[in-house]
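Based on the provided sequences and hints, a complete structural model is requested.
Each chain, letter by letter, is given below.
There are 4 protein chains.
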Amino acid sequence: MEIGFIGLGNMGKGIAQSLIRAGHRLRVWNRSPGPSKELVKLGAEVVQSPRDAFGGDAFISMLADDHALREVVLNGHVLPQKGGDTVHICMATISVGFAKELAQLHRARNIPFISAPVLGRPDVAAAGKLAILAAGEPQILDRVQPLLDAAGQKTWRFGDEPSNANLVKIAANFMLASAIETIAEARALVEANDIPADQFLTLITSTVFDAPVYKGYGGIIARRQYEPAGFKLALGFKDVRLALEAGEAAHVPLPLASVLRDHFLDAVAHGDELKDWSAVAEVAMRHAGLVAQSG
Amino acid sequence: MEIGFIGLGNMGKGIAQSLIRAGHRLRVWNRSPGPSKELVKLGAEVVQSPRDAFGGDAFISMLADDHALREVVLNGHVLPQKGGDTVHICMATISVGFAKELAQLHRARNIPFISAPVLGRPDVAAAGKLAILAAGEPQILDRVQPLLDAAGQKTWRFGDEPSNANLVKIAANFMLASAIETIAEARALVEANDIPADQFLTLITSTVFDAPVYKGYGGIIARRQYEPAGFKLALGFKDVRLALEAGEAAHVPLPLASVLRDHFLDAVAHGDELKDWSAVAEVAMRHAGLVAQSG
Amino acid sequence: MEIGFIGLGNMGKGIAQSLIRAGHRLRVWNRSPGPSKELVKLGAEVVQSPRDAFGGDAFISMLADDHALREVVLNGHVLPQKGGDTVHICMATISVGFAKELAQLHRARNIPFISAPVLGRPDVAAAGKLAILAAGEPQILDRVQPLLDAAGQKTWRFGDEPSNANLVKIAANFMLASAIETIAEARALVEANDIPADQFLTLITSTVFDAPVYKGYGGIIARRQYEPAGFKLALGFKDVRLALEAGEAAHVPLPLASVLRDHFLDAVAHGDELKDWSAVAEVAMRHAGLVAQSG
Amino acid sequence: MEIGFIGLGNMGKGIAQSLIRAGHRLRVWNRSPGPSKELVKLGAEVVQSPRDAFGGDAFISMLADDHALREVVLNGHVLPQKGGDTVHICMATISVGFAKELAQLHRARNIPFISAPVLGRPDVAAAGKLAILAAGEPQILDRVQPLLDAAGQKTWRFGDEPSNANLVKIAANFMLASAIETIAEARALVEANDIPADQFLTLITSTVFDAPVYKGYGGIIARRQYEPAGFKLALGFKDVRLALEAGEAAHVPLPLASVLRDHFLDAVAHGDELKDWSAVAEVAMRHAGLVAQSG
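Protein chains in written order, with our numbering: chain G, 1 to 295; chain Z, 1 to 295; chain L, 1 to 295; chain W, 1 to 295.
To be clear, the hints were calculated from the coordinates, so they are not data collected in a lab. Any given hint could turn out to be false.
It does not matter which identical chain is meant; a pair holds if it fits inside one copy or across any two.
[To be verified] Listed below are the simulated SDA-like cross-link pairs for lysine to any residue, each with C-alpha atoms no more than 20 Å apart in a straight line: (1) K100 <-> R121; (2) K154 <-> L203; (3) K37 <-> D57; (4) K232 <-> E248; (5) K129 <-> Q145; (6) K129 <-> V213; (7) K41 <-> K100; (8) K154 <-> Q199; (9) K238 <-> R109; (10) K82 <-> G219; (11) K232 <-> M1; (12) K154 <-> A211; (13) K154 <-> S206; (14) K232 <-> S32; (15) K82 <-> A22; (16) K238 <-> G97; (17) K215 <-> R107; (18) K41 <-> A211; (19) K238 <-> E248; (20) K129 <-> T202; (21) K232 <-> E191; (22) K37 <-> K82; (23) K100 <-> H67; (24) K238 <-> R25; (25) K82 <-> D210.
This is the structure:
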């Protein structure tokens, strides 16, 4: 298929690589030029503006957040006034509210639109093994299913309303953040009792919490090695806020997310926003007086 | 080996069965006579008092909580004034503070003592597949290791101080309770957005949270089927309190445990203390106005 | 002075009355015509649009929130491209972020601008006894001080940056909301112990909490009489969110505000957004199983 | 009247002084001898043991907590096996549970017993201006009312069950702690925005929070001058725990108290337990990165 692709951060670049490998033709654009060059070597064509990227069978946007997507796609007048065959696949983790606004705008202009955020880290994206969370009209989803198949191991569909996929993604990330905070508090508790954190975390991840997410973050937290960042704390904080916003819109109190928000804020106040989001674990340690304050 | 065993609740009975199956001889006692009868069929001998159970190679206590253990073992004068060869193996989930008090008392009387609480549900106990968390002097642990091997799949040792094993058990249960609450809040969020909870939980437990604990509790919570109880809410609440107590003693704030405490209390106020502890998930639903109040 | 005044809700109408009483000439506008008619009887002139209200010595805006102010004043093109002598006095409780945006816009157009939100209820406004929280350049403040003197008992100045006054107002309202929640939790605790809430609250407000705010809300909460609303729960919830937003911008975790947010959300989920904001006290009662669920 | 009085801490000594001044005869005992000597100068008789203090018209106990009272009065066998005319007036802030246990024990031995904890600081106690919270059988209360009148400005009665008075005292202290935390969070918010804390607190305590408690703690917190301690943080933390315990017994979640608990724990972890309990305000400052970590 002919695809326009904008947003080549760690995740976007990995997805683009998978699509090229599967034989699709990509016109790519990114704010900074570095990632585009890498993709050119694999056969992608670089275009000069997001607007030039729109067209063909699909237009994939993988930007950082609501703000970036609004700036580039809406304010940058990327979308045509009247839609054609190009399906806009929005893979970014954006808010439920903005996803609803986008769906309405696309309907008004008759542009086919689906939300398809993903679960997985950059290396998983590059391997084409992501879990794709998709929502939108079934016939539109069917048309771009080959692309989703190339990008991910499996596509999970959540109904006709595109924003559903965003909500599911936000709920999943809330659960990940909550798991990290849980590990962090348990770690502080065992360390304050002179039990080595790695012994405890090895037990836990070998038994009741035998899952990749606990093993991965458990290891990082036990070693307190939060750099390089797999997923930046600033972005994780954003996702916690999206969960709180989605909860607010639907009148759902999320007290765990409130605790997470306070701790991410504490982490940012101490200068950790560029570290991996599991660096939020330092907050529980600081509150218990187990580490000196960094900031 | 010759073993005295007191406390034949769901977990205790399962462990006793595993020990008998491995060829050990058990003298058993339980407050209510039912479970003892079942074990007699397997070859156990029933004794008339906890005091009669003490003796032989090991004395295993598997009572419900600090209070029961204090009543039966301390106030019931089960422990001899001067120790001999019988090792007291305390497998109950008791507080860190009480475990320290017990360790001191046993040392004063020269009675060999270890803590060996377990991770796993009753069916896992009956299959001899528990994870055993053990702490105490290595030579004492070595003496009873054959018993621990019969009861569990693997023994994890956490140092010389018996209470360490209790702390690890409490930290693990705190993590389980936190996982349940996380599922509950995420469930409320997706349902309030008209996304079927089972679809969301299937996704989650097939991808980032592909772990038995999420699958098990996710299923119960999606179906809202909290009876029969695998682990009673009243006991789960007790364990959250033990985590808070242990945190307090070590000056470790555990804000997630504070949220759990408030929600378990809310669940008890609404009459759910005899249901499975995952019934705490109804609290998030009630707060969001998604279900009518039960109590 | 010649004054344009837009936004005649309960508070706005009271302030306008005080200004007219002090001899100032008002041109007034309000979305719904009712309140304007009352003021005409006192001598105000009604104008047909917010734009017509701008001009003279001062332009006072007292709209409900960021959204209303943005719609009416910015999108409605009320502000001239190039300022003159008319001072814009923004008395609404708006966000710190929006206040900064407004200050910048006014500076760019050379329109004199100050923030002057108020503390007090509608009857206090009508009596001209409000506390005025003001911030902006001193010489601008000095020019309109006679108006502030007519509207309030005392003006408290918080520096040159207009948004400071908004922050102070938000912090004060956070403290009020926190006092209400505190009364609510204490009330649930004493009632669950069969101690009459009014006896407890009478003691408290006669001794350590001998302050109007505790007496007022204590009485409402003891009687559970949340209607008619002195200050709507939906607006109180907005102010809690403004506190959280301001905290976020400045990297200040506010865990009490997080609890308040969750409880206001719970109240909204149970249909109480039009009652007095002290109706949030019902949440603590529901969680303790002391009242049947209303929604 | 003839009175035995044990426990001459800051509060106890003040009350004893008021009683002597009103013409009552006191036999006093205290663990450390210093305070007794001061009272001897005023005419008190020093006795050698708590047991010697029991007798006469009333026996007043004003010890620090459950533990001290249990040690001295119960384990020290102060109470006679069979009661006479001496009324035991327990003025300490003890737990609701222990107050119930004491009431039962006194009933069993036929010893007249009332709870009469107080609200106020040591200087208020010495001036005889305390608020007395009393509960117990009316005819017993009537007998000792002259003593309560001498110690306090007013006695508030809360029914026949002595523990009611303790619950009311605990609820009041919870409200004070919550007010302190509220001031602390608001202070962090304004300071992070470069608004001087004392300006904000002066406004607040001159308007909506014109109450001694806000003025007193507001000043301490604005100046960050937590020593000497008017009421030690360790004791304030104890009272927050008593509130949580009382809530737990009655199935009342108190999420604000949960936040308070976490912050007091954080304060203790940073070495502030001997400072004034308003030093808990430093926690909000540390979490916002506004002060370097002290411990």
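The hints, checked one at a time:
1. In this assembly of identical chains, K100 and R121 lie within 20 Å of each other by CA distance neither inside one copy nor across copies; the values are 26 Å within and 38 Å between.
2. For the identical chains of this complex, K154 and L203 are inter-copy neighbours only, at 10 Å across copies versus 31 Å inside a copy, given an alpha-carbon limit of 20 Å.
3. Taking the shortest alpha-carbon separations for K37 and D57, neither the intra-copy value of 23 Å nor the inter-copy value of 60 Å comes in at or below 20 Å.
4. Taking CA atoms no more than 20 Å apart as the test, K232 paired with E248 passes between copies only; the shortest distance there is 18 Å, against 25 Å inside one copy.
5. Proximity of K129 to Q145 under the C-alpha cut-off of 20 Å is restricted to the intra-copy arrangement: shortest distance 15 Å within a copy versus 44 Å between copies.
6. Within a single copy, K129 and V213 get their C-alpha atoms as close as 16 Å, which meets the 20 Å cut-off; across copies the closest is 24 Å, which misses it.
7. Neither within a single protomer nor between protomers do K41 and K100 lie at most 20 Å apart by alpha-carbon distance, with minima of 37 Å and 46 Å respectively.
8. For the identical chains of this complex, K154 and Q199 are inter-copy neighbours only, at 14 Å across copies versus 35 Å inside a copy, given an alpha-carbon limit of 20 Å.
9. Taking CA atoms no more than 20 Å apart as the test, K238 paired with R109 passes in neither setting, with 30 Å inside one copy and 34 Å between copies.
10. In the homo-oligomer, the alpha carbons of K82 and G219 never lie at most 20 Å apart, since the shortest distance is 51 Å inside one protomer and 45 Å across protomers.
11. In this assembly of identical chains, the alpha carbons of K232 and M1 never lie at most 20 Å apart, being 32 Å within a copy and 55 Å across copies at closest.
12. In the homo-oligomer, the alpha carbons of K154 and A211 lie at most 20 Å apart both inside one protomer (19 Å) and across protomers (19 Å), since each shortest distance falls under that limit.
13. Within a single copy, K154 and S206 get their C-alpha atoms only as close as 27 Å, which misses the 20 Å cut-off; across copies the closest is 10 Å, which meets it.
14. For the identical chains of this complex, K232 and S32 are intra-copy neighbours only, at 18 Å inside a copy versus 48 Å across copies, given an alpha-carbon limit of 20 Å.
15. For a Cα distance limit of 20 Å, the shortest separation of K82 from A22 qualifies neither inside one copy, at 30 Å, nor across copies, at 58 Å.
16. Taking CA atoms no more than 20 Å apart as the test, K238 paired with G97 passes in both settings, with 14 Å inside one copy and 18 Å between copies.
17. With identical chains, the CA atoms of K215 and R107 are never at most 20 Å apart, being 43 Å at best within one copy and 38 Å at best between copies.
18. Taking identical chains as interchangeable, the C-alpha atoms of K41 and A211 are never at most 20 Å apart, the minima being 36 Å within one chain and 40 Å between chains.
19. Taking the shortest Cα distances, K238 and E248 sit within 20 Å of each other both inside one copy (15 Å) and across copies (11 Å).
20. For a Cα distance limit of 20 Å, the shortest separation of K129 from T202 across copies, 18 Å, qualifies, whereas the shortest one inside one copy, 26 Å, does not.
21. In this assembly of identical chains, K232 and E191 lie within 20 Å of each other by CA distance neither inside one copy nor across copies; the values are 26 Å within and 28 Å between.
22. When the C-alpha separation of K37 and K82 is checked against a cutoff of 20 Å, the pair qualifies neither within a copy, at 32 Å, nor between copies, at 47 Å.
23. Proximity of K100 to H67 under the C-alpha cut-off of 20 Å is found in both arrangements, the shortest distances being 15 Å within a copy and 19 Å between copies.
24. Taking the closest pair of Cα atoms, K238 and R25 never come within 20 Å of each other, the shortest separation being 32 Å inside a single copy and 48 Å across copies.
25. In this homomeric assembly, K82 and D210 never come within 20 Å of each other (Cα to Cα): the closest approach is 50 Å inside a single copy and 43 Å across copies.
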